[in-house]
Amino acid sequence: MKIFKFGLSLVLAIATFYALNTKLGSLPPLGKFLSPNQGVWQNEITESDSHPEINLKGLTAPVTVKYDEHLIPHVFAENKKDLYRAQGYITAQHRLWQMEFQTHAAAGRLSEIVGEVALNYDRTERRRGMVYGAEQKLKNWETDQEVIDYVDAYADGVNQYINSLKPSDFPVEYKLLDYSPEEWTRKKTALLLMYMTKMLAGEDSDLEYTNFLKKYGKERFDLLYPDFFDANDPVIPAETDWSIMENAIQTPIPDSEMPLDYVKETIEKPNPNNGSNNWAVSPEKSYSGNAILANDPHLGLNLPSIWFAMQLSTPEQNTFGVTLPGALGIVIGFNEHIAWGMTNATRDVIDWYKIEFEDQTNSHYKYDNAWKATTKRLEEIKIRGKETFLDTVTYTHHGPVTYDASFKGNGEKIGYAMRWTGHLGGQNQRTLLDLNTSKNYDDYKNAIKSFVAPAQNVIFASTEGDIALWIQGKFPNKWKGQGKFLMDGSNPEHDWQSYIPQEHNAHTKNPERGFVSSANQHPVDESYPYYVFNDGYETYRNRVINNFFRSKDKFDIQDFKDLHNNNFNLQASELLPFMIPVVEKAELSSFEQEMLNKVKSWKYNNDIDEVGPTIWQSWYNTLVDITWDEIENDSLALEYPFKYQTIYLLKNSPNDKFMDIVETPEVESANDLFLIAFKEAAQKLKELENKNGTLDWGNSKATYIGHLLQALPAFSRFDLPIGGFYSIVNATAKNHGPSWRMIVEMTSPPTALGVYPGGQSGNPGSKFYDDMVDTWASGNYFKLNFMQEKNQTDGIIFSQTLNPSNE
Amino acid sequence: MNKNAKNFVFTLILAYVLSLYLPWWSVMLAGLISGFVIPLKKGAVFFVPFLAIALLWIVQSYMLSNTNDFILAKKIATLLMLKGNTTLLLLVTGLVGGLASGISGILGKQCYLLKK
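Respectively, the protein sequence lines represent chains A and B. 1 is the number of the first residue of the first sequence in my numbering; add one for each residue after it. 1001 is the number of the first residue of the second sequence in my numbering; add one for each residue after it.
Isolated chain B (complex conformation) (with noise of 0.2 Å):
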């Protein structure tokens, strides 16, 4: 497995586990100490934890609303101003969740640069 992928696997599992017990900024968490534990180079610093945890929040979320007819995700799209599309409303959820641990995995990583 390359890092990347590692880094991806690692980022999810970990960035899972903390979120039960700590409250969303879990993913900064995991996203930092992926970036840490398993440094990455270039643009994939950012992506690879981004891609994690987006993938991550949509896919849990999916999961809580599918249950329940998307009733209250139709009414949050409405709320946000994304004209009740429950699909944008997953994408924006991934796309917060994705910024929070790409922007830790950056920190993640120069944590790294800084002990080496």
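The shape of chain A in the complex, shown without the other chains (with noise of 0.2 Å):
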């Protein structure tokens, strides 16, 4: 009896610890999870109790790091290796678990911390090619010695931070899932802009394409998809002089036939509404004599945020503004002499080749009349609580098989191949490291030269008066036409030919207008020497920033922010005055009239209170969807046309055969798509009403930010009253917006504005962890403080000093 009570109370306590100690389903393991020696308890930490005084190995000399109010970290240190030593370890202090959850994310690595539901995602990055572009990145950063020194400086620096952890410091986000972090390594860094080239230069439509014309044909694509939009507004103004490039030669069209396949499932592309605004106006044209710059990167909207603000100083460069956890150097921002900021260029860098495989194994593909031999990557997925999954991707010469007979492919011996210039490798981080320390326009220029991807339209303006944009990047040179669509993978004709060479790049500096501005729209006007393929260019916010700029004489401060925070609905106005007299003429109800009523008086704008927005939106989207629907209800991976060729066709071609609603026994014009449209959303309207007692904007599109992991709601902030939308200046959306704003003005030092949807801090323990949050959202911005040297206390909360240390 003795024997069987201690067996069983044996058992029990064995029992209490494993449950305790063990992450079951989505609950953490409780014990660790909530024990004021080793849980989260322990993450109920501000950073202004951080340790004054940290050794860290390695370094030549203290750096200072002082702290403003915004926790933002001003390092100062005696030289570049120290420095980016300094950067790794106090980025990895606030962000540790965000930059591996990221890296995690670009390597395909998510199964590990989450489980089996991550698999699909991994297998595609892997297929991809993201981890070989990492490796490609690497080889070429290798061949330079000092950013190989400078990448192993800040690994080192991140490094001894984690290994400065006990299990009860690690960040709330481990515990939770349960795991610890891992060593970084310079591969790391590699892979983070791998995440940056995808989710900037990922996007391609080539195989949806394709499928719609083998359905429809080539005359119905170019109506829906054209190369140029009759509105272009472009990048570089239109009425640049080619000249310079007279010897540019674009890629002659081939005498050869396209494959032409139906794929049924492509992969998981990333949000097309990644994208940005920048601009800079001339010193003629600024209030005060001074080169002015701005810049809003649009991304997704995640805590902790994507940005983490720093100013990082040695004796020869003084430099600010925002980086990536992970990346060496600021990426967005200014020095004592220039500043900088960029918008995704959105070219088309990503084409498919069709693989014809000799057999089944997968070993030799046909290309030039010949059997060419394969290679093959051999990816290791590992599952937590699962045995790992291996994924054989073939690669040949144009890229990974993406689609294969094992993943969405069109069965045995076809494979469809990716060209991306994502894979090019490149020296993006020589690039961000020059530009941190450029002095005038031709240091910039120097600087911008050996950037690859993710192509940008980078900005620049100096302290001397200039403004410039380049978009820098690799960029094929294509035949009119090269790309759209799948391709012959065997046929070397088909192959990128050439490059554009780097000096043939668009670029403007000191346009005559006085301006320069970015706002991914068409790069150029069709008299660029090359080709250019319109791969989902926006037309609405570079239009009103344009002509916002050609306004008026002179410009301040008060105008850049209005600007930032400017939430004219160009499309609206320019759809709704065809769609409201079509439905005056109708019957409505009386909420109908009501609602018809509220839009007729909306002056187009944004804003939060406002009742119109909702309204408008509601009636677009429905008739977005009713005159797409033979594209929607296809079984085929299709994709609808651009926002500003839909509108030009219903305004256009109100009785073109697309207009039709394919179910219904009628034949509809545009004008009956409105009447349809405007009664179904009337109804979603009502439904949204009684739901949320108003239909303003602000309530109905309640914008949020969500934590990086799948936005936890006790982590992400939700219902910001800010305004805008999508191809709206201010373009915040549900969950996508401007992640940086930043205003700077070139005096000497430059005065800056800058502000982001988050905290400095990756801790939700921490009150800096989303700090910033309501000032973004009232369109508001803080001062940054540009120390000139590093014994100012104005402003500064507490100090840290990384002291060289030998053991």
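Check before you lean on any hint, since a few could be wrong.
Derived SDA-like pairs (lysine to any residue); straight-line CA-CA distance at most 25 Å [claimed, not checked]:
(1) B:Lys1074 <-> A:Leu24
(2) B:Lys1074 <-> A:Ser50
(3) B:Lys1003 <-> B:Pro1039
(4) A:Lys598 <-> A:Leu570
(5) A:Lys5 <-> B:Val1037
(6) A:Lys187 <-> A:Arg384
(7) A:Lys2 <-> B:Phe1036
(8) A:Lys449 <-> A:Asp525
(9) A:Lys23 <-> B:Leu1088
(10) B:Lys1003 <-> A:Leu10
(11) A:Lys23 <-> B:Ile1071
These are calculated hints, taken from the structure and not from any lab test.
Dock chain to chain to rebuild the complex, using the hints, since each chain is given by itself in its own frame.
Written out as structure tokens, the structure reads:
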């Protein structure tokens, strides 16, 4: 009996230990998680209590770090290697979990953390060649000893931080998911840049377009997806003289057949709305005679924020701005001489090739009338709580065969290979470091030369009074139409034949109009001597921005703020006047009449207290769905035409066959669609009003910032009172928008404002986790404290000193 | 001091000291040792170490969180479906620690009986 009772209590104790020490389903291991000595209670910390003296091996001199009231570290080092070692340490100190999570995401390793639910995602990332691309980057970096030394110093800084942690110090997310941080490597920095490359240059619709072409023919395709819209206000001013490119040779069109395949399912793509605004005015157009520059990159709104603000200073440089945790230097910012910013160039840099394999082993593929050998990469995808999944990805000279018999393909012996500038490597990290130290236009021009992908509209302003914009990336020199559709992977003529010479990348310096700007629109007009395919260029924000700068002679900081916060809905203003008269003639219920009256009196501003934008958006969304019902209801992968072209067709081809709703016996025209959509939208609006008690835009849009881990509600911010929407200069949608807003006036030293929807701390337990959110939502900024010397105490809340140590 | 009070104080102090060097299960170890060294009777075998650790964890957690305005506690209380109620979170914390210690207290008592 004694033994039995003992045995029973032993089993009970072991079971209790197991239950409280193990992650069960989505529940964290409760004993570990809630214990005051090891669990989340240890994360109940605001950083101002951080230790003032830290030993950091490998430093050559002490590094001073001053934190201002927003927890922005101002780092003062004696040389660059110390600077980047300190940057690694400090970034990890505030954003460790995010740094690792994002690089795991890039490497297709999320299944390791969250289990089998992420397997399809992980396979897609591996098959996209994300790890391969990071390795290509590293190969390039390794030819540049200086850069690799800095990257290694940064990694060492991160690792010294990781090694200083006890499990009780791990960030909350590790405790929640019950795992530990691993060593940081130079490859992780490369993976982070791949993460951004995919986010910004990972979009294409070639296979969807191929499906459309095969189904509807070329004439219909050209109507719906034109190379140029009839309204084009390009990044590089239309009046630009291209004569310096007179030796430009566009690749001639080969005389050959294109494969026309149907593809049912394509891989997941980044949000097509990832984009940005930037603009700068020349001294002549500035109220003060100093050039002024602004930038706001539009990305998914997450916590911790994608950006981390820092000042990085040595005796030779003094740079301030935001960086991506995991990357070295400042990505968007300014120093004492220049300011720079980025928007996405949105060029078509992904093409697809049909691959014909010799047999089912995928070891050879047809190329130039012979069988060419493939290489294979074994991708081991570890899955939490399950056996490792092995995936073999075949590589051709084009790139990885993403689709094959084992993954979303078209059966045996057929594959679709991806050709992507993201796999070319490039010296992006070198570009960022050189921009950080650039002193003038020539430095900037040299710095960006080696930047390959994701192609960016890199805007520039200097204290010398220059403004400029280069569309920088490595661009294949395509024949007219190349890469819109699936190509023949066996035909050498279908390969990318050459690249546009870097000096022929479209650019402008000190244009006559006195301003430069970009908003992901078409880079050029038709006179540019190379072929540029319209892969979903923006057509609204750019026109609002450029019209604003054409509207008067001088601009001040308030004008810049107003433009960032501009909620004018140009898109609605171009279509609503055609829709309203149709509905006015129809018989309406009293609620419908009310909706019509409200949208009629709307002045096209997407402000939070307006009802008009809610009605418009519901009406427009319904309209688009019933216009493109042919596309929506097709089992093939297809894509809606661009917004601008949809509206163009509704206005200019009201009786086109596409206007007909296929499932109804009647033949509809655009006017019929306006009314049908209005009535359907009114029903949805009625439901929305019943649910929310209001139809105002702020509540209807309900902008939120979601935690990186599937927007865990506890760590996210909801219902932020901010206006705007996609295609509006204030591009704040539901969970997407300006992820950093910066305005820099090129005084000496520059004077800058900035804000982002988040906070410097990655710790949900810190008051600095989301302390900038409300300021951001209200359209305000913080003055950036650009310290000129390290002993300044003004606005500093605490300091840390990193001391060299040998142990 | 009666045995219950002795066990209570001993468990509490032992758990505190062990927790400085060992992970969360230090409270299980403390319950086990004190159950063995100061054996109790009936329900007290479980409830005395339970209360000792519940108190320890609640007080420690409260002190850690109080200095930071319960910023994280509110979020964890949302995460664990406690509607953001930090008092409930403290009680759950006490319950979890107490349960671990109480059950190992039973084991300690059984070890004592086995040896006798």
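Taking 25 Å as the top limit, are the C-alpha atoms of lysine 449 of chain A and aspartate 525 of chain A close enough?
-> The given pair, whose Cα atoms are some 23 Å apart, holds under the 25 Å limit.
Going straight from one Cα to the other, do lysine 598 of chain A and leucine 570 of chain A come out at no more than 25 Å?
-> holds (18 Å)
Would the pair lysine 2 of chain A and phenylalanine 1036 of chain B pass a check requiring their Cα atoms to be no farther apart than 25 Å?
-> Distance ~15 Å between lysine 2 of chain A and phenylalanine 1036 of chain B Cα, so the pair holds.
Lysine 1074 of chain B and leucine 24 of chain A: Cα distance at most 25 Å?
-> Distance ~22 Å between lysine 1074 of chain B and leucine 24 of chain A Cα, so the pair holds.
Does the structure keep lysine 5 of chain A and valine 1037 of chain B at a Cα separation of 25 Å or less?
-> Since the Cα atoms of lysine 5 of chain A and valine 1037 of chain B sit roughly 18 Å apart, the hinted pair holds (cutoff 25 Å).
For the pair we were handed, lysine 23 of chain A and isoleucine 1071 of chain B, check the Cα-Cα distance against 25 Å.
-> Within the cut-off at roughly 24 Å; holds.
Would the pair lysine 23 of chain A and leucine 1088 of chain B pass a check requiring their Cα atoms to be no farther apart than 25 Å?
-> holds (21 Å)
Quick one, are lysine 187 of chain A and arginine 384 of chain A close enough, alpha carbons at most 25 Å?
-> Measuring from Cα to Cα gives roughly 23 Å; hence the hint holds.
Proposed proximity, serine 50 of chain A with lysine 1074 of chain B (alpha carbon, max 25 Å) = Cα-Cα ~22 Å, so holds.
25 Å limit on alpha-carbon distance, applied to hinted pair lysine 1003 of chain B and proline 1039 of chain B | holds (8 Å)
Quickly compare the C-alpha distance for lysine 1003 of chain B and leucine 10 of chain A to 25 Å and report which way the hint goes.
-> holds (23 Å)
Going down the numbered hints, you'll see the structure goes against none, and every one checks out.
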